[in-house]
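Participant: Take a look at the letters that make up each chain.
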Amino acid sequence: MADVKLSEIPAATTMATGDLIPFTTDPGGSPISKNITRENLFKQLALGSDADGDMYYRASSLLARLAKGTANHKLFMNAAGTAPEWASGIAIISSTRLMDAATGDVAYTGAGFKPSHVIVFANVATTTMACWGMASGTPSDESIHYNYDGIVNHGGVFIYLNEASGKRQTAVMKTMDADGFTLTWTLTGATTSATASLYFLCLR
Amino acid sequence: MRICIHKTTRRILELQSAATPGTLIRNALNAGFKETDIEEREVDRAGYDAARAEDPVVAAEAERIAVGELIQAKIREQAIAALIAEGKITADGKTVKGKS
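Residue numbers (numbering that gives the first Met the number 0), protein chains in the order written: chain G, 0 to 203; chain R, 0 to 99.
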């Protein structure tokens with residue numbers, strides 16, 4: 000396209016590759032608000048109540064504003080995987096488990112997000128039973144546990160509370176859920192009716 | 000926090016610190032309890048302690064712990080008395096040189 004004033008371009012003109020609109024750093028002209036300047040272009044990024052720290056991202060072929068996050072929060076993709084969002088991404092859930100509870104799935108909720116990894120500290124008060132385990136979304140549970148006999152051991156389960164030979168509660172990570180996770184607990188043998196304390200650190 | 004109680008035995012089946020309502024009920028049902036036999040409550044620390052006070056298993060555990068602590072204290076007391084009698088430690092718990 001040959002050089003032409005913008006005001007003289009017909010409304011239906013289609014720009015071709017290679018056509019350029021020169022920018023000017025001169026904010027003068029009349030009217031100033033219609034002059035194509037870097038300053039005026041940047042003004043088009045005003046997408047609401049913009050503030051220092053805000054970020055902009057593409058949304059449905061347009062720009063959308065992500066308001067600045069809370070101090071020390073981290074940037075994540077939202078659960079739908081469509082837009083960024085700020086969040087702490089860490090939650091602690093405390094719980095209990097009866098040592099004589101039946102085998103079955105148990106859901107733990109309230110994390111506020113779908114964890115990618117979970118770390119657990121577990122024990123039964125005034126006994127030597129204790130366990131430190133970690134799990135990811137894939138079946139890769141691991142734990143170190145302190146047994147009834149004072150022996151420290153390790154194994155491929157998330158939680159291992161070993162009360163006596165052939166008597167224990169164990170758990171593996173079944174699923175990472177939208178608001179927490181689900182464990183599959185297995186009761187082995189006739190355990191006593193003590194209560195285990197569980198502390199989960201959920202990481203988004 | 001939320002707790003789930005077995006109405007008949009008053010046992011606390013489960014506690015969760017931040018569970019959404021209904022989570023503990025579903026867990027109990029999944030473990031084989033009948034819906035009419037269980038109750039989910041939102042409680043604060045005092046409410047949890049009150050529920051624990053009614054839980055016979057917790058009471059038995061507390062009794063067992065108390066007895067264990069009494070036994071430990073008695074053993075410690077007797078051991079200290081024996082060491083003092085043997086001249087290995089003084090009455091204020093200090094070791095006697097050459098005797099320890």
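The hints are simulated quantities; they were obtained by calculation from the structure and are not laboratory data. Where a beta carbon is used, it is the ideal one built from N, C-alpha and C, also for glycine. Don't take every hint at face value.
Straight-line alpha carbon distances no greater than 20 Å define the calculated DMTMM-like cross-link-like pairs of lysine to aspartate or glutamate that follow [to be verified]:
id: 1; chain 1: G; residue 1: K166; chain 2: R; residue 2: E60
id: 2; chain 1: R; residue 1: K33; chain 2: G; residue 2: D104
id: 3; chain 1: G; residue 1: K73; chain 2: G; residue 2: D178
Stretch by stretch, here's where chain G covers chain R in the computed footprint (C-beta under 8 Å, at least three residues) [claimed, not checked]:
id: 4; stretch: 17-26
id: 5; stretch: 50-62
Participant: Taking the hints in turn, state whether each one holds.
Facilitator: Results of checking the hints against the structure:
no., hint, verdict
1, G:K166 - R:E60, "18 Å, holds"
2, R:K33 - G:D104, "16 Å, holds"
3, G:K73 - G:D178, "18 Å, holds"
4, 17-26, "holds (count 6)"
5, 50-62, "holds (count 4)"
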